[in-house]
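Student: Below are the chains, spelled out letter by letter.
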Amino acid sequence: MTILFKNARLIDPEQGTDAPGWLLVSGGTITQAGTGPVPHSDVVVDCSGKCLAPGIVDIGVKVCEPGERHKESFRTAGLAAAAGGVTTMVTRADTVPAIDTPEVLEFVTRRAGEDSPVRIAPMAALTKGRAGREMVEIGFLLDAGAVAFSDGDTVTTNTKVLSRAFTYARSLDALVIAHPQEPGLSNGASVTSGKFAALKGLPAVSPMAERMGLDRDIALVEMTGVKYHADQITTRRALPALERAKKNGFDVTAGTSIHHLTLNLLDVGDFRTFFKIKPPLRSENDRLAVVEAVASGLIDTISSFHTPQDEESKRLPFEEAASGAVGLETLLPAAMQLYHAEMLSLPQLFRAMAFNPAKRLGLPGGRLSAGAPADLVIFDPDAPFVLNRFEMLSKSKNTPFDGQRMQGRVLQTWVDGAKVFDAKG
Amino acid sequence: MTFRSRHLLGIEPLHPVEITTILDLADEYVGLNRASVKHADALTGLTQINMFFENSTRTQASFELAGMRLGADVMNMQMQASSIKKGETLIDTALTLNAMHPDLLVVRHPHSGAVDLLAQKVNCAVLNAGDGRHEHPTQALLDALTIRRSKGRLHRLNIAICGDIAHSRVARSNILLLGKMENRVRLVGPPTLIPSGAADWGVEVYDNMAKGLEGCDVVMMLRLQKERMDGGFIPSEREYYHRYGLDAEKLAHAKEDAIVMHPGPMNRGVEIDGTIADDINRSVIQEQVEMGVAVRMAAMDLLARNLRAEAA
Chain F
137 MTILFKNARL IDPEQGTDAP GWLLVSGGTI TQAGTGPVPH SDVVVDCSGK
187 CLAPGIVDIG VKVCEPGERH KESFRTAGLA AAAGGVTTMV TRADTVPAID
237 TPEVLEFVTR RAGEDSPVRI APMAALTKGR AGREMVEIGF LLDAGAVAFS
287 DGDTVTTNTK VLSRAFTYAR SLDALVIAHP QEPGLSNGAS VTSGKFAALK
337 GLPAVSPMAE RMGLDRDIAL VEMTGVKYHA DQITTRRALP ALERAKKNGF
387 DVTAGTSIHH LTLNLLDVGD FRTFFKIKPP LRSENDRLAV VEAVASGLID
437 TISSFHTPQD EESKRLPFEE AASGAVGLET LLPAAMQLYH AEMLSLPQLF
487 RAMAFNPAKR LGLPGGRLSA GAPADLVIFD PDAPFVLNRF EMLSKSKNTP
537 FDGQRMQGRV LQTWVDGAKV FDAKG
Chain A
3 MTFRSRHLLG IEPLHPVEIT TILDLADEYV GLNRASVKHA DALTGLTQIN
53 MFFENSTRTQ ASFELAGMRL GADVMNMQMQ ASSIKKGETL IDTALTLNAM
103 HPDLLVVRHP HSGAVDLLAQ KVNCAVLNAG DGRHEHPTQA LLDALTIRRS
153 KGRLHRLNIA ICGDIAHSRV ARSNILLLGK MENRVRLVGP PTLIPSGAAD
203 WGVEVYDNMA KGLEGCDVVM MLRLQKERMD GGFIPSEREY YHRYGLDAEK
253 LAHAKEDAIV MHPGPMNRGV EIDGTIADDI NRSVIQEQVE MGVAVRMAAM
303 DLLARNLRAE AA
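These protein sequence lines are chains F and A, in that order.
The first sequence begins at 137 in my numbering and counts up by one.
The second sequence begins at 3 in my numbering and counts up by one.
Possibly wrong hints are sitting among the right ones.
No farther apart than 30 Å at their CA atoms in a straight line, the calculated lysine-lysine pairs in the BS3-like style are these [unchecked claim]:
1. 331(F) to 213(A)
2. 495(F) to 383(F)
3. 560(F) to 531(F)
4. 228(A) to 331(F)
5. 531(F) to 123(A)
6. 123(A) to 414(F)
7. 257(A) to 153(A)
8. 414(F) to 264(F)
9. 123(A) to 450(F)
10. 414(F) to 383(F)
11. 533(F) to 123(A)
12. 186(F) to 533(F)
13. 331(F) to 182(A)
Hints were generated in silico from the structure; no laboratory data involved.
One chain only, chain A, in its complex shape (with noise of 0.2 Å):
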């Protein structure tokens, strides 16, 4: 097995061969996940911090259920009610927790490159999760090892990407965690949450839901922040369902047995379609979530591995 990253700052540096190791650890945890006892020692003795500058209840309830699986002492920090008020600095904020020996340092934060700062001030492994529209690379590895588990492979897939790719740092890590996989991914979405320079990415865009889809093995819905609606990028939430929303009118173009997923949470009725998330047949939403504590689990559990390797 192979890998080698210090820390987990986002999909970008990773070699396809590390992407693998995790996905292949992730997998045994999703068998120890599904049995009665749920405990490994991977992170006995080891101290966890979730730093969450921004609201988020999902991953970080994800990143704590996995460091107590594998015995690691968690620690949650609301960092929005906390010290950033009184006017302290990130990376005096930083130093701070430095002082009291974390091992892995889980971070979230509002702004596109802060977790990177972050990770140049203090001596324990870092893991992104998800800052500002930069990157989110538990939520793409999850993802990636739900798609692996349901089509049986990684590679040479058509995966449609939609909605608000703009303002997604879900999009961008999908995006480059898919492409190194050697996959063919399409955007697709209104023009005006579609960034400017994504047609360099080696990606096809589609502003055509339909013809988007067409013949996709995979169909990854994005969520509609309903804050995008002060800014003007789309004119009301009925037309961008209409045109966006995945329905089974627009689901029947992709292949038959295409996958649905979805990052939650979900606007039920607005890039969503109730029935098409609640169906067992298509819909993959809930193992998404499964997969989020596996693939956390094995993330941590690796970067461990070579603190302790390090120490040593």
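Extracted from the complex, chain F is given alone in its bound form (with noise of 0.2 Å):
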């Protein structure tokens, strides 16, 4: 069966294109895109002048299974992506137990291809119980599905264990996400360090503990030649590292978080937890210059870091509430505020949120060109609303955009040429 997309505006991060076009698929592939005289197809669909881009591979979801599933499950997490446009949820292992052994990664991918209308490539854990201790079974893991090797934003202290980690996993080209923090100063920290933190008298980390955490990895990654990824740059004192460790020839990306780039420290307010995330919100001045990253390429992805929480874990006080927020319907109209703000373009944002992503990971996704498949997203990136947290479709609903205007509203997600969401239901 053929399905052809027309009176579409293609953003095709791969060409670096913002045109209106249309777009063939065929069982479930794309096969031809182009502009002018439509061709043939058994079903039309049409965008009607919206954006048609490839569907969001979103590195760094939490999906609470198993262990936590009154907080998130694979079918809550499913729609929630499936509602955000997101068509890969690279999936964490920082559950309970976490994604350690090759048993407990085949439940996941049972439980995701049981629930999930999009799909899932699960992350396993670096170190066993993500302790770092031991480094896990990554040649049998890798042969389960894992498509990379992170422990979460648990740091691992024991150098030599991490260099061990990195070496074996090199000699398994396997990809390694790391989260460049330096534990012993951020231990316990809930903001980042200044005035603000200060005023509010709140246990606050220095931004440069994530530079120094960087250094150390880059040093690593020097050392062993494993494939490095950092999860989350936030500042704009790691940016000259990750750039020098890139002109150097090593094989390192980095991405950042939305929340990262929308908000700042002072969204905190009055203590608001629903704020608190890892590492936590910058300084303006943090924020523009990991916005610049992006815009240049030197920042590769942008992702949700989806991480639910439900409301007892917090509503404490603010150095007591657990840290994270949902992000899988809010990734697409967080990241249009960059659009409309002309910070970067659709074609530069779908590059760090769909192509480079499935690129790093080896996923045939991410794009628009023939023989990928059919994983795309129709959205409005103009419609306007007022975000209300009760109306997500995850289970746990701590947004730090409740309430916020927002404009971009996802229209229709396709996974695999099939359609997954219709806005008008």
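Mind assembling these two chains? They're in different frames, but the hints should get you there.
Tutor: Structural data, given as structure tokens:
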């Protein structure tokens, strides 16, 4: 069966173009894109001039299975992803228990296949129990389908253990994703240091801790030759180190979170725990530097770092409250803030949200070119709405954007040539 | 008189006029407290609950006495020993208490922002008796009253706050209050105990005690908490005393009539020399305690007036 998406504004991150055209899909695969006269097809989808882009590949989604299904399940996360234009969730291993054996990974793959309307690309832990003592069975886990190895936001403090894990991962050409942070300095911190943190009397960490963590990791990359991705770069001072590493030809990439691109540390205001994330929100100065780094391509990927937390774990004094925010449904509208502010173009955004993540993980999606899977999102970048967190599909409602005026709505999401979400219901 | 706030959560939301209103009323209560019959009826029929999630003797006693002298029914709850240990969350504790219809809730909590959180969930007036490293508004108000009575004014004074600024809620509230009343505030202490953003607060920062005290009208010492030793903030007590402990030699750099303050409890021989603390010509430390009761009476009286106005 062939499907034609006509009358579309094609956002092609690979070519860097944003132009009117059509897209032809056959048997779940993109076969042709073009402008002008449309080819014949069995089914026609009229995009009415709205944007058609490759579906988002979101690195670092926490689905709370196994262990904390009351916070999020594959079903609710999958529905939220579909509604947010995310066609591949690259899931985190920081579950309870951690995803650190092929057996647990198989459970995850099976559950995802049963319940999620969008694709799952699972990550596995780098060390057993994410405890930083012994590496996981990287070979078996690769065979079982792990796309990357990461202990989430836990930093391996023992550098010897980490260097061995890197060396071993290198021999299998496995991608390691780490959280650059100096753990001694950031221990116990809940906000970024500075005037605001000091006035509020909250334990704080210097933004320099991120650069120190990155410096160490890059030295280990130089030592071992591993494929390395820094999960979140959020500070101006970490950027020169990243730039140097790339110039020196190391296999290093970096991501950042949509929250660090659209919010700053002052948003915490009067101890609002929905704004407590890890690493903490940064200064406006840092935010602008990171946006610029995405524009220049120094930072490769943007993700939601979707982290569901129930009300109980957030309704606590700031220091005690859990970290993290949900983001699957707000990633695209929040990204549109950067587009409307003329800081990033739509092809630049989809390069960071779809093309680069897929490429880095060796996944076939993230493109509009012939042969790519028909994982697509149709969206209206201008449609305004006020976010009501209780209307979200995620089981947990901990979004920092509650009540905010946003622009950008997903109209349809397609995975493997099948429609998985339609805003019209 | 103008005092519009529903709660007393910190100095930050207060307007200078509100601060002056509290201090003026407190001045009147100082008179009452010195009389032989120390009773007024401003809080008659109202229930005051003191909820202390952190150990306190002085502040709790001061609030208790203030409430009783104004005729409130006062109940003390030692929260360290109670349901928190059984796993109840702060919000649930607040809701439980709220169901008992208190009018005034006095709260101390080890975490910054915890009192703000609690105030969102209850119907009564909440007074912050210290939250984490954030604020301790009644301490700043009693310090302000002490300064005003001793110096005759609360503006255009040079005030040095010395010692462990980083961990001190007293310092934060005082910096905010003294700044609002247009004084020149200096912070003096080892750089490890000065918060990293302090230079942006509109204060002057010194790491040398002699220079920091130069020409000061008020020298406010802070308590050095013993547990800071383990954190490696300072090398030893004796070096701290040598460099930052207030003794006659260092005090000589301040103005001749400079007053010495301390929120207590003091570590004699750590941050302050015993003879200075006891020098009735310089030290106003006992007066601070006296002002504490008066300021708390004034604050609760004003909050109760707003409660009654709201109910009417």
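Student: All hints are to be evaluated individually against the structure, with a verdict given for each.
Tutor: Going through the hints against the structure:
With a C-alpha separation of about 24 Å, the suggested pair residue 331(F) and residue 213(A) falls inside the 30 Å cut-off, and the hint holds. A C-alpha spacing of about 19 Å is found between residue 495(F) and residue 383(F), which places the hinted pair at or below 30 Å, so the restraint holds. At roughly 22 Å between alpha-carbon atoms, residue 560(F) and residue 531(F) fall within 30 Å of each other, so this suggested pair holds. For the proposed pair residue 228(A) and residue 331(F), the alpha carbon gap of about 26 Å is at most 30 Å, so the pair holds.
A hinted pair counts as satisfied when its Cα atoms are at most 30 Å apart, and residue 531(F) with residue 123(A) qualifies at roughly 24 Å. A C-alpha spacing of about 27 Å is found between residue 123(A) and residue 414(F), which places the hinted pair at or below 30 Å, so the restraint holds. With a CA separation close to 12 Å, the supplied pair residue 257(A) and residue 153(A) stays within the 30 Å bound. A threshold of 30 Å between alpha carbons decides the hint, and for residue 414(F) with residue 264(F) the separation of about 22 Å falls inside it, so the pair holds.
Of the supplied pair hints, the one linking residue 123(A) and residue 450(F) holds, its CA atoms being roughly 14 Å apart against a limit of 30 Å. Restraint check for residue 414(F) and residue 383(F): satisfied, since their Cα atoms lie roughly 28 Å apart, inside the 30 Å limit. Proposed proximity of residue 533(F) and residue 123(A) is supported: the alpha carbons are some 20 Å apart, at most 30 Å. Between residue 186(F) and residue 533(F) the alpha-carbon distance is near 29 Å, which keeps this suggested pair within the 30 Å criterion.
About 17 Å separates the Cα atoms of residue 331(F) and residue 182(A), which keeps this hinted pair within 30 Å; it holds.
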